[in-house]
Amino acid sequence: MKNILLIGLFVATVLCSPFVVSPYYATLVITMFGYSIALMGLNLLFGYGGLLSLGHAMFMAIGAYTVGVLGSKMGINSFEVHLLAAASVSGLIAAVLGALCARYTTIYFSMLTLAFGMIFHSFLFKFYNLTGGETGISVARPSLFGHAFSEISKTRFLTGPFYWYSLVLFLVLFALMALIVKSPFGQALRAARDNPQKTEFLGVPVLRVRYVAFVVSAVYCAIGGAILAVSIGAADPELAFWTQSGNIVFILVLGGLGQLFGPLVGSATFALLQDFLMANTQYWRFAFGALLAIIIVVAPRGVVGLLARGFGGRR
Amino acid sequence: MEMLLRARDLTKRYGTFVALNNVSFDVTKGEVVAVVGPNGAGKTTLVNTLAGLHVPDAGDVLFEGRSVVTLPPAARARRGLARSFQLVSVYPSFTVSEMVAVGAFSRRGRTFNMLRPASWFEPERSEIASVVEAFGLSHRLDTLCSALSQGEKKLADIASAMTLRPRLILLDEPTSGIASSDKHRIMERLLAATESLGVESLVLVEHDMELIARYATRVIGLRAGEIVADLPPSQFFGDPDVIESIVGKVPGHAHG
Amino acid sequence: MAFANVLFAAIFSAAVLFLVTAGLQLVFGVQRIVNLTAGSVYALGAYFGASAFDWVVVRGGSPLLLLPVLAIAGLLAGQIGFVIERVLRLVYERDEAFQLLMTFAFVLMLQDFLRAIWGAQPRIMGDLPDVYGALGIGEFRFPVYNAVVILCSLSIGLLLWWFVEGTRLGHIVRATAENKAMSEAMGVDTKKVTTLIFVLGSVLGTVGGALVIPTTAASLEMPSALIVEAFAVVVIGGLGSMRGALFGAVIVGGMRAIALSYFPEMEIMAIYLVVVAVLFARPYGLFGKAVS
Chain P
1 MKNILLIGLF VATVLCSPFV VSPYYATLVI TMFGYSIALM GLNLLFGYGG
51 LLSLGHAMFM AIGAYTVGVL GSKMGINSFE VHLLAAASVS GLIAAVLGAL
101 CARYTTIYFS MLTLAFGMIF HSFLFKFYNL TGGETGISVA RPSLFGHAFS
151 EISKTRFLTG PFYWYSLVLF LVLFALMALI VKSPFGQALR AARDNPQKTE
201 FLGVPVLRVR YVAFVVSAVY CAIGGAILAV SIGAADPELA FWTQSGNIVF
251 ILVLGGLGQL FGPLVGSATF ALLQDFLMAN TQYWRFAFGA LLAIIIVVAP
301 RGVVGLLARG FGGRR
Chain L
1 MEMLLRARDL TKRYGTFVAL NNVSFDVTKG EVVAVVGPNG AGKTTLVNTL
51 AGLHVPDAGD VLFEGRSVVT LPPAARARRG LARSFQLVSV YPSFTVSEMV
101 AVGAFSRRGR TFNMLRPASW FEPERSEIAS VVEAFGLSHR LDTLCSALSQ
151 GEKKLADIAS AMTLRPRLIL LDEPTSGIAS SDKHRIMERL LAATESLGVE
201 SLVLVEHDME LIARYATRVI GLRAGEIVAD LPPSQFFGDP DVIESIVGKV
251 PGHAHG
Chain G
1 MAFANVLFAA IFSAAVLFLV TAGLQLVFGV QRIVNLTAGS VYALGAYFGA
51 SAFDWVVVRG GSPLLLLPVL AIAGLLAGQI GFVIERVLRL VYERDEAFQL
101 LMTFAFVLML QDFLRAIWGA QPRIMGDLPD VYGALGIGEF RFPVYNAVVI
151 LCSLSIGLLL WWFVEGTRLG HIVRATAENK AMSEAMGVDT KKVTTLIFVL
201 GSVLGTVGGA LVIPTTAASL EMPSALIVEA FAVVVIGGLG SMRGALFGAV
251 IVGGMRAIAL SYFPEMEIMA IYLVVVAVLF ARPYGLFGKA VS
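Chains as they are written, first to last, in the working numbering: chain P, 1 to 315; chain L, 1 to 256; chain G, 1 to 292.
In short, the hints are calculated from the structure, not lab data.
It is possible that some hints are incorrect.
What the hints assert, rightly or not - Pair ranges (Cβ atoms, derived):
| hint | chain 1 | residue 1 | chain 2 | residue 2 | range |
| --- | --- | --- | --- | --- | --- |
| 1 | P | Ser88 | G | Val276 | 21 to 27 Å |
| 2 | L | Thr70 | G | Lys289 | 45 to 51 Å |
| 3 | L | Ser180 | P | Phe10 | 29 to 35 Å |
| 4 | L | Glu133 | P | His147 | 39 to 45 Å |
| 5 | L | Ser138 | P | Asp275 | 49 to 55 Å |
| 6 | G | Val276 | L | Asp241 | 54 to 60 Å |
| 7 | G | Val83 | L | Leu144 | 36 to 42 Å |
Even glycine gets a Cβ: it sits at the ideal position worked out from N, Cα and C.
If we strip away everything but chain P, and leave its shape as in the complex, we get (with noise of 0.2 Å):
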């Protein structure tokens, strides 16, 4: 019953948004399904396989210079296009990486991912003819099913035919990753985390398993790395920076990691708080880092967990 009733008020809210509230908050709508698509990714890897890794912003990055290099640098518009690319690249990048970084566990699996994000973020900087260098790349809005959307200005483009396009990019992607999680593989992935040798015993190929998840979890943050690079207007490589991976990685935790809805709620959650703390204090990252340790200690479901709580089930 109250999966439902959370469920309906997201689907009126998300519905409503953009008649209702000013153009910035509709705005924020957008980034709040870019980062929720990408932390779906986050937690395929995370919260249900249990590979932390402080890298994966470096793919939100690809996807958000993907959309980029192809509109600014090339001339080509079309928003599928971008994300078939941003897609492609990563998976790419991901195959690559993963099958080096997959055969190990949390500790060193962390510090490569790390290591990796940041190499990638001085890629970053070197290629400057490619990317821009330190200023970044501004994007240009994409065309959606070849419409370019010319007639009408910039915000009502993105409160209008982009938010919509987003919304139901976010709804497939959320049932594919619904599907994912309960299908066989799924099962098998927090099989493997659980207790990777009794799973192994069971026939299932664990370092496998987890190079799929990366590999997936890798063309999720890329796609919403493109969307949030479109409603933001730029790619800057501090999106690649471990930092930012880290902030993915608390998001999620504060939404609920390992839980389906964790993304959303943290993307949600987060989206306003960020809002409200930068409005008023410029030591938010403090702010957050804080949030993390209490988070951490005390609702280490996140705000998810927090909710079951409180509506008196248990999950």
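Given chain P, work out where chains L and G should sit, using these hints.
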């Protein structure tokens, strides 16, 4: 008689310490082979080597006539050679049916199926139900493993390996941690369930001599990495020299 | 003789890296925690050292007090380890990923802490490495200060080695690292041991940062730059191994100096190419063991 599992001249060293020294034996269809010996004799190393966790320094492991010594545990499991652990290993956050499902899917090669919910796969569903029923756990199908009693966890643990339809299963101290009063019940349930599910032979490491005397068809005595005896229980327990070198007491005698 | 300069720079880099990663290895060896705050406390040591020296000079102290002031400043700044450890203690029983995340929470907090006290502009100390003069033959010259820092690092390394292998307390620490439960059963106050080790690790980091500040700028990017290099050292050398820290520091310090002289933009990539190469040959580093 069909030879199911063959260990041939298995040798395993850790530095200068020899854990297994030219261990050879066959297991044919229909046997319940108990492996006994003092602590440090190499029983767990033997089971681990047969299961694929260790690669022996010399020797071979053959299953169904084919060498499996280079195969990792997951591959051996899919071939029909399964193993369970001494310490109960269940997935605390899984229900019994979810845990048993893992092997069911892996056997059918469906581990990487990502696009349908696991509960929609029909042949697996009935298989899980029948396996769980054979172990007497049908009423616990949707219970979280963390909520099971110790004996139930043991059975569920072994049940999870059964969906692999193994022909032979290696058990490392299956009744350890179970109260003595429950041991016989668990053992009987275990043997009945595995037999009904098509397991043809068992190799088990066990310390409880009464259980061995009652249920095993053959006893292999291991000491310092070498086999010192390989006999049916009546002969094994009837030979005082063998007993002394391995066990220290004969079953049936009252002990303090 | 440019090569000699590069060599010297390499040894200097290696010396500082060794100090900091020794701290990382200690904490990991005993507590199985990868301490992401190593970079933050390093920066803290640098900033605090710079401020401490300014404070001394303003009060008429001689610039020759540079080394002792920095060393003491480093020691003092390292006391922050007490605070961090106390909070970290709350997650000792939890999954390693959460422990790692907890250290990340501190990285965030420390970042703003540094910014709040010292601002966003980098701090440079000026021409101080020459305060003790420099030695040189022809093109090859090196400041005495740098040489002294190298000696300090070596001595601290030896001290640590003596402490861990030769003293009773070190023996207790090793036992706790090996088997915490058993040590407790034998009456060891493992809480005190973990606090000691963590603070020691932090002090090594802050002292490293303080000693290095005359030769570089303190900035808010310092923590991240250090973490990336420290991780390279620790992965190459093997987590938890002091010998690994030494070898890794030499390799990374060397690569860094070479890269800075000949292909500066490729510095990190070059270092991590070496990391990947080492991992192919030795999956857990030169002296590491598989972490289960």
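For each hint, the structure was consulted:
| no. | hint | in the structure |
| --- | --- | --- |
| 1 | Ser88/P <-> Val276/G: 21 to 27 Å | holds (23 Å) |
| 2 | Thr70/L <-> Lys289/G: 45 to 51 Å | violated (25 Å) |
| 3 | Ser180/L <-> Phe10/P: 29 to 35 Å | violated (55 Å) |
| 4 | Glu133/L <-> His147/P: 39 to 45 Å | violated (59 Å) |
| 5 | Ser138/L <-> Asp275/P: 49 to 55 Å | holds (53 Å) |
| 6 | Val276/G <-> Asp241/L: 54 to 60 Å | holds (59 Å) |
| 7 | Val83/G <-> Leu144/L: 36 to 42 Å | holds (39 Å) |
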